[in-house]
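Chemist: Protein chains in written order, with the numbering used here: chain A, 1 to 185; chain B, 1 to 185; chain C, 1 to 185; chain D, 1 to 185.
Calculated from the structure, these hints are not laboratory results. Among the hints, a few may not be true.
Treat identical chains as interchangeable: a pair holds within one or across any two.
Calculated lysine-lysine pairs in the DSSO-like style (CA-CA distance at most 27 Å, straight line) [as the list claims (entries may be wrong)]:
id, residue 1, residue 2
1, K54, K64
2, K149, K54
3, K149, K171
4, K54, K171
Note that this is a predicted model, so its numbers are computed, not measured.
Protein chains: 4
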Amino acid sequence: MNSPVRLLGICGSLRSASLNRALLRELAAVLPAHATLDIDDKLGELPLFNSDIKDDPPVVAAFKAQISAADGVIFACPEYNYSVTGALKNGLDWASRPPPTSPMRNKPCGIVGGAAGMSGSMRAQAHLRQMLIYSDSPTLNQPEVLIPKQFERFDSTGRLTDESTRDLLRKFGLAMVAHVARHRS
Amino acid sequence: MNSPVRLLGICGSLRSASLNRALLRELAAVLPAHATLDIDDKLGELPLFNSDIKDDPPVVAAFKAQISAADGVIFACPEYNYSVTGALKNGLDWASRPPPTSPMRNKPCGIVGGAAGMSGSMRAQAHLRQMLIYSDSPTLNQPEVLIPKQFERFDSTGRLTDESTRDLLRKFGLAMVAHVARHRS
Amino acid sequence: MNSPVRLLGICGSLRSASLNRALLRELAAVLPAHATLDIDDKLGELPLFNSDIKDDPPVVAAFKAQISAADGVIFACPEYNYSVTGALKNGLDWASRPPPTSPMRNKPCGIVGGAAGMSGSMRAQAHLRQMLIYSDSPTLNQPEVLIPKQFERFDSTGRLTDESTRDLLRKFGLAMVAHVARHRS
Amino acid sequence: MNSPVRLLGICGSLRSASLNRALLRELAAVLPAHATLDIDDKLGELPLFNSDIKDDPPVVAAFKAQISAADGVIFACPEYNYSVTGALKNGLDWASRPPPTSPMRNKPCGIVGGAAGMSGSMRAQAHLRQMLIYSDSPTLNQPEVLIPKQFERFDSTGRLTDESTRDLLRKFGLAMVAHVARHRS
Numbered sequence: 001m002n003s004p005v006r007l008l009g010i011c012g013s014l015r016s017a018s019l020n021r022a023l024l025r026e027l028a029a030v031l032p033a034h035a036t037l038d039i040d041d042k043l044g045e046l047p048l049f050n051s052d053i054k055d056d057p058p059v060v061a062a063f064k065a066q067i068s069a070a071d072g073v074i075f076a077c078p079e080y081n082y083s084v085t086g087a088l089k090n091g092l093d094w095a096s097r098p099p100p101t102s103p104m105r106n107k108p109c110g111i112v113g114g115a116a117g118m119s120g121s122m123r124a125q126a127h128l129r130q131m132l133i134y135s136d137s138p139t140l141n142q143p144e145v146l147i148p149k150q151f152e153r154f155d156s157t158g159r160l161t162d163e164s165t166r167d168l169l170r171k172f173g174l175a176m177v178a179h180v181a182r183h184r185s
Numbered sequence: 001m002n003s004p005v006r007l008l009g010i011c012g013s014l015r016s017a018s019l020n021r022a023l024l025r026e027l028a029a030v031l032p033a034h035a036t037l038d039i040d041d042k043l044g045e046l047p048l049f050n051s052d053i054k055d056d057p058p059v060v061a062a063f064k065a066q067i068s069a070a071d072g073v074i075f076a077c078p079e080y081n082y083s084v085t086g087a088l089k090n091g092l093d094w095a096s097r098p099p100p101t102s103p104m105r106n107k108p109c110g111i112v113g114g115a116a117g118m119s120g121s122m123r124a125q126a127h128l129r130q131m132l133i134y135s136d137s138p139t140l141n142q143p144e145v146l147i148p149k150q151f152e153r154f155d156s157t158g159r160l161t162d163e164s165t166r167d168l169l170r171k172f173g174l175a176m177v178a179h180v181a182r183h184r185s
Numbered sequence: 001m002n003s004p005v006r007l008l009g010i011c012g013s014l015r016s017a018s019l020n021r022a023l024l025r026e027l028a029a030v031l032p033a034h035a036t037l038d039i040d041d042k043l044g045e046l047p048l049f050n051s052d053i054k055d056d057p058p059v060v061a062a063f064k065a066q067i068s069a070a071d072g073v074i075f076a077c078p079e080y081n082y083s084v085t086g087a088l089k090n091g092l093d094w095a096s097r098p099p100p101t102s103p104m105r106n107k108p109c110g111i112v113g114g115a116a117g118m119s120g121s122m123r124a125q126a127h128l129r130q131m132l133i134y135s136d137s138p139t140l141n142q143p144e145v146l147i148p149k150q151f152e153r154f155d156s157t158g159r160l161t162d163e164s165t166r167d168l169l170r171k172f173g174l175a176m177v178a179h180v181a182r183h184r185s
Numbered sequence: 001m002n003s004p005v006r007l008l009g010i011c012g013s014l015r016s017a018s019l020n021r022a023l024l025r026e027l028a029a030v031l032p033a034h035a036t037l038d039i040d041d042k043l044g045e046l047p048l049f050n051s052d053i054k055d056d057p058p059v060v061a062a063f064k065a066q067i068s069a070a071d072g073v074i075f076a077c078p079e080y081n082y083s084v085t086g087a088l089k090n091g092l093d094w095a096s097r098p099p100p101t102s103p104m105r106n107k108p109c110g111i112v113g114g115a116a117g118m119s120g121s122m123r124a125q126a127h128l129r130q131m132l133i134y135s136d137s138p139t140l141n142q143p144e145v146l147i148p149k150q151f152e153r154f155d156s157t158g159r160l161t162d163e164s165t166r167d168l169l170r171k172f173g174l175a176m177v178a179h180v181a182r183h184r185s
């Protein structure tokens, strides 16, 4: 018997037709039966982090609460300027504080991502992995989900049309669920 | 005769007593006589970048205009989660678009930074340098301004009290002005 | 009852009085009772990796065999040119091949390191972590062992004289042993 | 009138049929008329760097002398384990010492690279750029030469068959020659 695994997906792109958000939806559809994936809708509502703000505004508190409630977090990571998006980094700046009691601490994480170009978001994912060392969030190594020229793999309604990518997402989902289980005490 | 050099300082921290902003003020005070440094006050007013927004909002247009008007940009780079701040990355996401005509393209850049810990912001600066490859912004290599335990070097009013740091800023300013001159066609 | 944990230490510096190798010796002295740490002496004997060499030379085979035999690997990571040493990278180039059956695959890893300067080897460790994603080697996040100005913490015979560092090594050892246990199937 | 520009190419792969070395040969063929590119053959002969060796062995001295004699250095950068090769890093460990008088200091550099996979060597190039900050070697930003699936672009004798790649090399050569000129004086 497998106990339920609740995953939270956070997409670094804010545009409505984001293919990285589409990647999260497609992942949700191929997860093992005991796992679920909710997709965050608060990242784009967060104010810019400023440590002069001593109490978390309500939207920040809600953003952090959903991380706390999840068994694991999956970042969908576009690549802007060879790094993560400002929006995603801003979300981490909020979520990782205060360090000793941050909801990111010991939270199992995974990363998926795609890009219009050949990088498939690999430069952004490398930066994200470094950030997750700071927050002490154990992050799945492999399989890596790095999708180059991602617009060729989705139709105009944002549905995945490439079966090799779907198969990769299925393997990633299995590995992510095992990763969460491994880090449960 | 040296022609005037107008530099723009952009501080990645939004807090009012930021020591990284203080570093920019101290740098301004030791620049060569023909150079000036204005400090940006718009980064914290920018909305989160979203490529669905087709026309630059006024604050974005103003942020980009001051970069265009400057002969060079100096980033004051704190380190949050072993990387640049979300606010700074968000500013770059706006400023670097559209790539062919972005105000960052060919703009000579330099980086200074400090941190409360031992890193002196070096991990954040390494990420920032990678971002500036994307925007094709030639960035000064050395001297690097990496200030560890920066609170020990400023008094409670944010004035620099450490003369070795002031000397480093003076050398950085000279190198930055030469860097701008080298990249003027 | 804890089953024995055999760790292999690999030091990226080849000089005889290396303080990174000294760090491994000091770590060995504070490990939990059921853990042991052997220190590699083959890295400096390896030829430069060349994929034209189809069969592993004996010293390469011996280097890889000791990794295979270990339950976990701890890299002592100096920082040369803001990255790992060429010798350490060369060892990984050998050990990580062929990828599907490499002794590094799924091998739990940890990193310690120090430097004469302020970085404490953090830039080199960041590069090493990226390499270990390729080889799918789960690597301990924290505590990070980053020792700045390491010559101030050892006496002239290479003995650690700083008790806060010894305490950090003790915590690292406990975390590493737990990390190995977590990744045993 | 353009003064002659002597470039040195250093290939990080040691295998005889290296496509990264082939990339250097193809670059040599499309450089502006006043520029020449010699290709190093000593990297694979260097011993592993060890700071206990106080005097440069002859092959090290010869390796460094050719860097000193060149107006600029172009690295052909394969990607092993998501980073530069051990051989290339080892060459830099030798060439960058001693820091104040190293032949790398202020030496204009450029990077080209390809890989069998989709990365086109971008992860390795990012690491190499960080190393070149240490040695204060100004490195050309763009155009970046990142060749994915490079075996599809060369014939079985190592001749480039892809004209878009040749055009990119031509642009890179022009930019590199301008980069060298900018850093003279």
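Chemist: For a quick check of understanding: which of the numbered hints are violated here, in increasing order?
Modeler: As far as the earlier hints go, only 4 is violated by this structure.
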